[in-house]
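Take a look at the letters that make up each chain.
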Amino acid sequence: MGLLAWLWYYLWIAPYVLQVVLFGGMVRRRLYRDFPVFFAYTGWEPLAFVVLFSLARRPATTPTLYFTVYCVFLAVSTTLRFGILHEIFASVLKDYATLRRLKSPVFRWGTMVLLLVGLGLVAYARGNNADQNWFLLHAVKQVALILQSGLLFGLFLFLRYLNLSWRNPLFGIALGMGTFASVELAAAAIRARTGYVYTGYLDYVTMGTYHLCVVIWLYYLLVPRRGTGGFGQGSGLQSLPDAADVESWNQELERLLRP
Amino acid sequence: MIITFIIVLLAVFGLIYLARLTRGRTTANHSSADLRAGLRPLDLQAFRNLTDPAEDEYLRSALSRANYRRARRDRLRATLAYVSCAADNAAVLIRLGDAARLSPDPAVTEAAEKLVNSAIRLRLFAFQAAFRLHLGIVLPVVPNPANHLAERYELVTRQGLLLGRMQYPGRGGSVTV
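Protein sequence lines correspond, in order, to chains A and B.
Going left to right, the first sequence walks through residues 151 to 409 as the numbering used here numbers them.
Going left to right, the second sequence walks through residues -18 to 158 as the numbering used here numbers them.
Isolated chain B (complex conformation):
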């Protein structure tokens, strides 16, 4: 009886989810400004420091075992906040790139595809990293999984900027990817 009840309940939740999705789809009309507001500032240098294995190694040698564990947990918690921020910004860039794929200019379309694919990779990687960071907070033996995330994030943001410059070439710039 319980299994039947669970299945029926899941089916009802599924229907509610679909109804909300459809409603959200018909009422959603996000403007570029709405999306821009979704971007969250992230201190890249601090992010790099937090995920740098050399910094971790230094702390391990300089601190007592108990202090190191405490410091490591704090650093992993801070990294988690940065990873979540990077993942949110990647989601905004995915939407921006997806819209730019409608451009009639093949160069813009190509740049948009690059951006979308890199941002998707970043978001998937951030999901995986967040899971392992939670694990690392509980189990100190798990290595910091966000090692290359800051570099990936920087690359994706630069690709977003490059795409913007291509769509609005008047301003020029020196962005390279």
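Just chain A, same shape as in the assembly:
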């Protein structure tokens, strides 16, 4: 077996092994209570991998059977990813009464607008017609990924505008999801356009990205942060200011109020 073949198998298997470790870590730290959908996704992905890997290694498996099972599993994974996005929105906004009321309309309208944009883009982009099923799969995948990345980047920009900080585990989950969605979106767009031409290279890129995402999740969910008792606030003011600080703050604010 050549080096590339080893790399291929490593990138195919390793992320799911790491996800099993992540699953165990989440159970140990009881993080499933905070992120139930992400926990379900972490459990689902290795399970789906075992089934697909076994099918791929079985000589009797026909391409049609593999494709069908792959599509079903992909649909479940995509649904879970939308669930994770909703979980991220809910967790980020739950601490702020003003934003809590905005959560549902923003998520609903954001989804509607992005769905229309995604459908428009995919309808406009005529793909490679060599394999209709292949094109259809990647076109649908593109729409879902446009939705996911649009919602995620929208949330990133929104929180940045409001100067609000992310809690570490949430930031990690969102960072991994954003990285995965961006790379998968680019790959799906190229695949839908070019058919099988670059699929070998793109597989390495997407598998490598997924590996990176699992490492990000492991780091942010299982490695404790310093100074905040485990999992604290993100960047910004990390602790309460001292008395002298507060005093000069007050002077500054008084100055702002002075006519």
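Don't read these hints as lab results, they were simulated from the structure.
Please read all numbers here as calculations on a predicted model, not as lab measurements.
Note that beta-carbon positions come from the ideal geometry of N, C-alpha and C, so glycine has one too.
Hints should not be assumed to be uniformly reliable.
To be verified - Chain A residues, not near chain B, derived (Cβ > 10 angstroms throughout): (1) Gly152; (2) Val187; (3) Trp194; (4) Ser204; (5) His236; (6) Ala247.
Stated by the list, open to error - Cβ-to-Cβ under 8 angstroms is the rule here; a few derived chain A residues that face chain B: (7) Ser299; (8) Leu335; (9) Ala336.
Since the structure of chain A is already known, use the hints to place chain B on it.
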């Protein structure tokens, strides 16, 4: 082909943005003094005058139509600068309140939550007002959208001051919200 290229380009920009965000997060260690430096002074009285509908009405009756339009555009531009300043200060107060929510004192936590929520509302309102002010500069029929912004800004600043006094009660004061 163009659509594919645009999607790939957007995905690359997305990745660059995430990388910068992560890098900024690991290197950022803002002190209270850094945040304080972000506060910009704002003349509340001038802000109130600029957004007062009565002042606008007076100018409309006293000036010719062309002069009024010119004056109104200038006033909207000045208001825009004040709105941007208020929005920046609100962002600083959001961060200050967010940090104060870590306090073990429930009264401070409650005041901090009030401040954060009011400052978020102010920043969202300022965003909306800035958009409509730009529109108003182009289209004279759009009414000044920043009417109550000065009052909101004053309330949020007072809440920030009250929070500071609660964290440092030795100094006393007469701030009410």
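Each hint tested on the structure:
Separation of A/Gly152 from chain B is adequate, the least Cβ-Cβ distance of about 29 angstroms exceeding the 10 angstroms criterion. The Cβ of A/Val187 lies farther than 10 angstroms from every Cβ of chain B, with a closest approach of about 21 angstroms, so its non-interface assignment holds. Listed as a non-interface residue, A/Trp194 keeps its Cβ farther than 10 angstroms from every Cβ of chain B; the least gap is roughly 24 angstroms. Taking the minimum C-beta to C-beta distance to chain B, about 32 angstroms, the non-interface status of A/Ser204 holds against the 10 angstroms cut.
Once the 10 angstroms rule is applied to beta carbons, A/His236 is consistent with being away from chain B; the minimum gap is 20 angstroms. A cut-off of 10 angstroms between C-beta atoms contradicts the statement that A/Ala247 is not in contact with chain B; the least separation is 5 angstroms. Nearest Cβ of chain B to the Cβ of A/Ser299: about 6 angstroms, under the 8 angstroms cut. The hint holds. The restraint placing A/Leu335 at the interface with chain B holds, with a minimum CB-CB distance near 5 angstroms, inside the 8 angstroms limit.
Restraint check, A/Ala336 versus chain B: the minimum CB separation of about 4 angstroms is within 8 angstroms; hint holds.
Hint compliance for this structure: hint 6 is the single one not met.
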